[in-house]
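J.: When you get a sec, could you build the whole thing from the sequences and use the hints?
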Amino acid sequence: MIEAIKNNNQMFSEWRRHFHMNPEISYQEHETAKMVAEMLKSFGFDEVHTGIGGTGLVGVLKGKYESDKAVGLRADMDALAMNELNEFEHASKSKGVMHACGHDGHMATLLAAAWYLAQEREFSGTVNFIFQTAEEELTGSKTMIDDGLFERFPCDRIYGLHNMPHVPEGHIWLREGAIEASCDRFDIEIVGKGGHAAMPEGMIDAPLVMSNLIMAAHSIVSRNVSPLESVVLSFADAHAGSGTYNIMPKTATLKGCVRAFDEDIRQFTLKRLREVVEMTAKAHGATAVLTIREGSCPATVNNPEQAKLVAKIAAEIVGEDKVDADCRPLSGSEDFSWMLQEVEGCYMFIGNEGAPLHNPSYDFNDSIIPVGASLFVKLVEHNLPA
Numbered sequence: 001m002i003e004a005i006k007n008n009n010q011m012f013s014e015w016r017r018h019f020h021m022n023p024e025i026s027y028q029e030h031e032t033a034k035m036v037a038e039m040l041k042s043f044g045f046d047e048v049h050t051g052i053g054g055t056g057l058v059g060v061l062k063g064k065y066e067s068d069k070a071v072g073l074r075a076d077m078d079a080l081a082m083n084e085l086n087e088f089e090h091a092s093k094s095k096g097v098m099h100a101c102g103h104d105g106h107m108a109t110l111l112a113a114a115w116y117l118a119q120e121r122e123f124s125g126t127v128n129f130i131f132q133t134a135e136e137e138l139t140g141s142k143t144m145i146d147d148g149l150f151e152r153f154p155c156d157r158i159y160g161l162h163n164m165p166h167v168p169e170g171h172i173w174l175r176e177g178a179i180e181a182s183c184d185r186f187d188i189e190i191v192g193k194g195g196h197a198a199m200p201e202g203m204i205d206a207p208l209v210m211s212n213l214i215m216a217a218h219s220i221v222s223r224n225v226s227p228l229e230s231v232v233l234s235f236a237d238a239h240a241g242s243g244t245y246n247i248m249p250k251t252a253t254l255k256g257c258v259r260a261f262d263e264d265i266r267q268f269t270l271k272r273l274r275e276v277v278e279m280t281a282k283a284h285g286a287t288a289v290l291t292i293r294e295g296s297c298p299a300t301v302n303n304p305e306q307a308k309l310v311a312k313i314a315a316e317i318v319g320e321d322k323v324d325a326d327c328r329p330l331s332g333s334e335d336f337s338w339m340l341q342e343v344e345g346c347y348m349f350i351g352n353e354g355a356p357l358h359n360p361s362y363d364f365n366d367s368i369i370p371v372g373a374s375l376f377v378k379l380v381e382h383n384l385p386a
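Residue numbering for the sequence shown follows full-length UniProt numbering, beginning at 1 and increasing consecutively.
Everything labelled a hint here was simulated from the structure, so no lab data went into it.
It cannot be assumed that every hint is accurate.
Capping the alpha-carbon separation at 25 Å, the derived lysine to any residue pairs in SDA-like fashion look like this [claimed, not checked]:
| no. | residue 1 | residue 2 |
| --- | --- | --- |
| 1 | Lys-6 | Ser-367 |
| 2 | Lys-41 | Glu-3 |
| 3 | Lys-93 | Glu-38 |
| 4 | Lys-312 | Gly-170 |
| 5 | Lys-271 | Asp-237 |
| 6 | Lys-6 | Ala-386 |
Remember, predicted model here, so these are calculated numbers, not experimental data.
T.: What follows is the structure, encoded as C-alpha cells:
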C-alpha cells in the first residue's frame with residue numbers, strides 16, 4: 001500500500017463517516033455531490049464539472065507531463081431507501097435512507113486517491129474522477145453517458161470497484177470476462193374476466209393464468225438453457241384480487257427480473273419469456289403483456305488485458321495470496337457495465353467482511369480505504385507513466 005495514503009486513513013475515514021451520516025437516494029445526491037465538488041476543488045483539481053446526468057460530476061486532474069492519454073476512475077454516490085439499525089455515532093441522520101451498499105466508502109476511496117494524486121501529479125495525461133449518480137437504479141451510468149460523459153471526458157481505460165462482505169477483508173477479487181450479471185426488470189399484466197367465485201364458467205380466471213404462467217416461465221431456465229450456462233429468472237411480486245373471498249379479479253400482475261452473464265442467453269430468455277407470457281394467457285382465453293422496465297443493464301464484462309493488469313498490480317499492493325484473479329461471477333448487477341461497453345477497463349471486489357450488502361446493520365470497513373485508493377493510484381501510474 002502507498003504509505004502516505006495508509007498514514008492518512010483517519011482523515012479518509014472521517015470523510016466516509018460524514019457521507020454515511022448524510023445519505024441521499026438516487027438522483028437526489030445534491031449535498032453529496034456539492035461536498036465532493038468542494039473537496040476536489042480544495043485538492044487543486046484543474047476542473048470540476050457538476051450536473052452530469054442530473055447529480056453526477058467529474059473532476060479533471062492533469063499530470064505534470066504532457067500526454068493525450070486519459071484514465072477514468074469511478075465511484076457511485078447514492079444510498080438506499082431503508083432504515084438503519086446501527087446505533088453508532090455516524091449512523092444515518094436521515095430517516096428511511098441509509099448507505100447500506102458501501103457507496104460512502106467508494107466515494108471516500110476515490111477521494112483518497114484524488115487527494116494523493118493531486119499532491120504528487122507524477123503522471124502524464126489526464127485522470128477523470130467520475131462520481132456517478134443512481135447506481136442503485138441501474139440507470140445512473142447510462143444517464144451520464146447519454147449526457148455526453150465520454151464525449152466531454154474521453155477515457156482510454158476505466159476502473160471501478162465495490163466492497164464485498166463475503167470476500168476476506170482486504171483481499172481483491174476479479175476475473176476476465178463477465179463478473180456480474182445483466183438485469184432486466186419486467187412487469188406482466190394479465191387481463192381476464194372477473195366474476196363470482198362460485199361460477200367459474202362465466203369468467204376467465206386471471207389468478208389461474210398467473211400461476212400457470214409462473215410455472216411455465218421457470219421451465220425456460222430448466223429446459224431451454226443449457227445446464228452448463230447460467231440464467232436467473234425470478235418473480236418478486238405477484239398480485240391479484242382486493243382482499244375478498246368470493247370476487248374473482250379481472251386482472252393479475254407480476255413483477256420480476258432476469259439475470260444472465262451471456263448476452264445471447266439474456267436475449268433468448270427475454271424472447272422466450274415474452275412467448276410464454278402471451279401464449280399461456282391465450283391458452284386460457286386471457287391476454288397478457290410483458291413490459292421490460294427502464295433500469296435494465298447488460299452484464300459487467302471486464303476486458304481480459306485490463307483484468308490481467310489489475311491482478312498484477314493488486315498482487316503488488318496486497319500480496320499474491322490475497323488476490324483471486326478468477327473469482328466466481330456474482331449474479332447481482334452493476335450499471336458500471338454501461339461504462340465498460342464504452343471504454344476498456346476492469347471492475348473488481350475488495351473484501352469488506354461484516355453484515356451483507358443492503359442489510360440494515362451494514363457498515364463499510366474503513367480499513368480497506370487505503371487498499372482501494374492505492375490500487376486506483378497504481379493503475380493511473382501504470383497507464384499514464386511520468
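J.: The structure should be examined with respect to each hint, and the outcome stated for every one.
T.: Structure-based check of all given hints:
1. At most 25 Å may separate the alpha-carbon atoms for a hinted pair to count; Lys-6 and Ser-367 meet this at roughly 9 Å.
2. For the proposed pair Lys-41 and Glu-3, the alpha carbon gap of about 24 Å is at most 25 Å, so the pair holds.
3. Among the hinted pairs, Lys-93 with Glu-38 is consistent with the structure: their alpha-carbon atoms are about 22 Å apart, no more than 25 Å.
4. For the given pair, Lys-312 sits about 16 Å from Gly-170 by alpha-carbon distance, which is consistent with the 25 Å threshold.
5. Restraint check for Lys-271 and Asp-237: the C-alpha separation of about 21 Å stays at or below 25 Å, so the hint holds.
6. Of the supplied pair hints, the one linking Lys-6 and Ala-386 holds, its CA atoms being roughly 23 Å apart against a limit of 25 Å.
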